[in-house]
Amino acid sequence: MVNVILVDYRALDTLGEISVVGIVGLIVAALLARARPQALAPEGKGRRRPTLMLQVAAQWLLPLGMVVSVYFFLRGHNAPGGGFIAALALVSALYLHTVGHGSAQAEKHFPLDWTAWIGWGLLVAIVTGLGAFAFGHPFLTSSTPHLTLPLIGELHLASAMAFDTGVYLVVTGSVMLTLVLLTRLLRSEPNA
Amino acid sequence: MSIEFLLASGIAVLTATAVWLVLRARTFDVILGLTLMTYAVNLFLLASGRVMAGKPPIIRDGAAPLLSQYADPLPQALVLTAIVISMAMTALVLVLALQGRSLLGSDHVDGREPHR
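If you're matching them up, the sequences are chains A and B in order.
The number in this note's numbering is simply the position in the first sequence, starting from 1, with 41 added.
The number in this note's numbering is simply the position in the second sequence, starting from 1, with 20 added.
Worth flagging that the hints you see were computed from the coordinates, not collected in a lab.
Beta carbons are placed, not taken as given, at the ideal position from N, Cα and C, and that holds for glycine.
Short derived list, chain A residues pointing at chain B, Cβ under 8 Å:
| hint | residue |
| --- | --- |
| 1 | R51 |
| 2 | D54 |
| 3 | T55 |
| 4 | E58 |
| 5 | V62 |
| 6 | V65 |
| 7 | I68 |
| 8 | L72 |
| 9 | L73 |
| 10 | F125 |
From the structure, some residues in chain B lie toward chain A, with a derived Cβ separation under 7 Å:
| hint | residue |
| --- | --- |
| 11 | T101 |
| 12 | V104 |
| 13 | I105 |
| 14 | A108 |
| 15 | A111 |
| 16 | L112 |
| 17 | V115 |
Label-pair restraints from in silico Cβ distances:
| hint | chain 1 | residue 1 | chain 2 | residue 2 | range |
| --- | --- | --- | --- | --- | --- |
| 18 | A | A71 | B | I23 | 41 to 49 Å |
| 19 | B | R70 | A | L227 | 42 to 50 Å |
| 20 | B | I23 | A | A145 | 44 to 52 Å |
| 21 | A | S133 | B | S126 | 29 to 37 Å |
| 22 | B | R46 | A | G160 | 35 to 43 Å |
| 23 | B | A45 | A | L227 | 20 to 28 Å |
Could you build all of it, start to finish, from the sequences and the hints given here?
The structure is reproduced here in structure tokens:
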């Protein structure tokens, strides 16, 4: 119910919210691209490998976390879930992988441009809202076409899911951008 | 010990701690204080939608459409928005604090140690 309010009845508030999240991600990227903060790493510690338990857990929990994220996303319309928590579940899984395997390895596995995710997410959200114009309704009106698929049966799809996809992309992109840049800071410290 | 009393006490404790932390004027303490204040204000907004268990946000036939009969979902939705935005702003202010600490060399929000 709460998620329906967020992506359907009060979707314009959510559009503003994801804009803020996206802008903050970009500001953090801009701030960390210039001067690198110095006094970050603890003194006197060499680079330490992650413990074996953490490595194995990260390896197994990454695909599970991705599936959980997709599950939260798909059940979002009238049950607890939705774009925001799905994005944060995905970020948790990806960052656990980073912590368990080291950021160099993680960037090899996932060489994704998180800034582009922010842009695409906002584009998807706004285009979904504009799509309502095609049917003569105000901005961001959503509809629920009922489809009948051969094997699955009747499917109740809400066009708010396209808007939720935009939310998912923006939140994932922004939070991962912040985390990846902060991790890269720690890695570039000379005594880290 | 009713649930409203517990919720109100929790909000009070969080706010008091937050105000004390912010007044310490060290960058990390200010961030921590603002986070606690965020929790307190979000709980406060949530409480404005009536704290009750087991009442779905649906108006039933026969029952009057008053706030005592159903849970108001709108404050919960707006609190979600507030939580997400405050998470983003906390990330931003953390990065600013890091940059400030490295550029100014001081922990204090004024950029230099206060004169005694």
